[in-house]
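Based on these hints, arrange chain B on the given structure of chain A.
First to last, the sequence lines map onto chains A and B. The letter at position 37 of the first sequence is residue 37 when you use the numbering used here, and the numbering goes up by one with no holes. The letter at position 246 of the second sequence is residue 615 when you use the numbering used here, and the numbering goes up by one with no holes.
By construction, these hints were calculated from the structure, which means they are not laboratory data. A quick note: this is a predicted structure, and the numbers were derived from the prediction, not measured. Accuracy of the hints is not assured; some may be wrong.
One-sided and incomplete, this derived list gives chain B residues near chain A with beta-carbon spacing under 8 Å [stated by the list, open to error]:
1. Phe-382
2. Gln-434
3. Asp-466
4. Glu-479
5. Tyr-672
6. Ile-687
For glycine and all other residues, C-beta sits at the position ideal for the given N, C-alpha and C.
There are 2 protein chains.
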Amino acid sequence: MIEDKIRDVVKQFKPYVPGKSKEEIVRKYGINPEEIIKLGSNENPWGPSPKIKEEILKEVPKLHQYPEPVSPELLEELSKFLDVPKENIIVGGDGADEIIDTIMRTFIDEGDEVIIPIPTFTQYAISTKIYGANIRWAKFDKERDFQLDVDSVLSNINERTKVIFLCTPNNPTGNIIDKKDVEKIINSTDALVVIDHAYIEYSKKEYDLTKWALKYDNVLVLRTFSKVFGLAGQRIGYGITNEKIINYMMRVKPVFSLTRLSQICAITALRDREFFERCVRDGIKSREMLYEGLKKFKDIRVYPSEANYLLVELKTMISKEFCEELLKRGVIVRDCSSFDGLGDNYVRISIGTFEENERFLKILEEIIK
Amino acid sequence: MIEDKIRDVVKQFKPYVPGKSKEEIVRKYGINPEEIIKLGSNENPWGPSPKIKEEILKEVPKLHQYPEPVSPELLEELSKFLDVPKENIIVGGDGADEIIDTIMRTFIDEGDEVIIPIPTFTQYAISTKIYGANIRWAKFDKERDFQLDVDSVLSNINERTKVIFLCTPNNPTGNIIDKKDVEKIINSTDALVVIDHAYIEYSKKEYDLTKWALKYDNVLVLRTFSKVFGLAGQRIGYGITNEKIINYMMRVKPVFSLTRLSQICAITALRDREFFERCVRDGIKSREMLYEGLKKFKDIRVYPSEANYLLVELKTMISKEFCEELLKRGVIVRDCSSFDGLGDNYVRISIGTFEENERFLKILEEIIK
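Looking at chain A on its own, in the form it has when it is part of the complex (with noise of 0.2 Å):
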């Protein structure tokens, strides 16, 4: 029997069930696509640069041929976006998801332990599973507007502890880890801390972290393209880390996992500095504004945010239901029940472009008081 042949850890996995596309809505409540207002995967609503179609256009005539595993043009690039040498970024072609999972691999046996606060981005329980570590569990505490219980992360610490995930800004509930206790974590352990700034663009300018990944042994930096340099769908993500460790990590990374036209999409955006900078500004008066509106609300608690998205509280209502409503009215918001230490109360609203924020505040008034 096959099944006998299947490991004990993949038949306790629930089948995954990802979030909603607007194709699938599309499919399913037959709402014309042009009407859908997505805010709820945490995408950039302006898209990516205009420059993108001209230079992929370039790149058909070389696609039968495989990629570099990373080309020295998008090396140069990122190195200059972030003011930190080559040797020590490295690229994943899933996302930073590629770059979590080349961690796993690079730093777990079965059977070693990785400290996770929760709620936070599910993608590390479920990548330490299948590398099958332990967990350990931490918290982002509800009752003191979700800051990290830093006490928490260091009472799990021990020997076999490999890798820590302190997610900053926060997924889902937008707040940041205060420094202090992010180097307090760092100094108290050998293992690898995993500072996520996929959300960093959107925090103030004076708390990015980068540059910790060079002043410390035992730090890593993951960063985006899918966020708000709008390239979810193109799936590039980043590590800065220190050269020891890029190394190690290179020896099982996937080699050739970025696509061509993934590589041009990614060294086009960075480029285009001016269209960055304007999505970072609009980005943040576009929270800002969700923010107003949504407090307007006295149905609902919205927690104040750092990055493009907010964690709203439902007094009134279960978040599937909250979410079901809004689904049939064209809006696409994400129910936080799936995120482990949360509940059912919970949504996570992404910012729209100005137009759509409007939109949505509008139909929610027919949800909400």
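Just chain B, lined up with the frame of chain A:
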């Protein structure tokens, strides 16, 4: 010390050195890229369908949105192409490598065993080691024109065997494994037998074993868009197997690894059946032309092939030296010394366009007799 946290198995890996890309040769030897003849990576020299340009432009405005894990259109087209139900197909975003990797994470616990007859595609062994399994080597027998030594596979099967890799046509030797031998192996074990059909389009039609994925409980057939479909740069691979195995694999497969543009490329390639058929026909012609051309040199022995490459044994030179001489003249072929079980006097030569073949055979006269 962070080094203490790295897995031993990773420390034993050699740093990865990828094959040479055109871009690299241009940089290193200052050769005009138009003049380089790339016969090193088993690509389709005629590139991808010319219809791709138009189709990918339509997708650019959506690149900021996460892709669907796999679009229904792509599954539909694949199902038609293969004459296999959609429920039996899994598609990966890092070529067949991702399917191999997903097989590992579905079946392998540390200490399990994988059987790999060599010389063969090197990715099987790399993936096996990453997941902590032990490799039992079997062999394609050099003394019998690289026919599979079936007993070397059968005698290695035991209770801990989880996966057996059978590459047919085999890379880099080009020959196929006899149907009866494949069947004998399938019937001798409960382990998953992976039939790697990356090059099957170049083989005789009556050999195709794809449907065996439905006939047997423990067979997965691997296929790819990187070869005759001319899309190696976009990293799309797929597997065909029974629904039970698909459902387990989907639980641990990277969810969004297939980029939006890759999905469009694959759909368009499948719809342009005329271009596909021509690439198959011309590919086989090109292989025959190369085979006849190479047979005239007495310093080498060329093996017959059912794929889009030819294995060549060098009688008077070692492969490193031979490849270097070709590189200086702008020709990339594959030095096979990195294939376990082959030694240092074999090279693999992929098909070129007819014009590239001619130029290559002329250049070859400068190097061997």
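Right, here's what the structure says about each hint:
1. Phe-382: holds (4 Å)
2. Gln-434: Where the cut-off is 8 Å and the nearest Cβ of chain A is about 6 Å from B/Gln-434, the hint holds.
3. Asp-466: Holds, because the Cβ-Cβ distance from B/Asp-466 to chain A comes to roughly 6 Å (cut-off 8 Å).
4. Glu-479: holds (5 Å)
5. Tyr-672: With a minimum Cβ separation of about 23 Å from chain A (threshold 8 Å), the hint on B/Tyr-672 is violated.
6. Ile-687: Since the shortest Cβ distance to chain A is 25 Å, the answer is violated.
Hints 5 and 6 from the earlier list are contradicted by this structure; the remaining hints agree with it.
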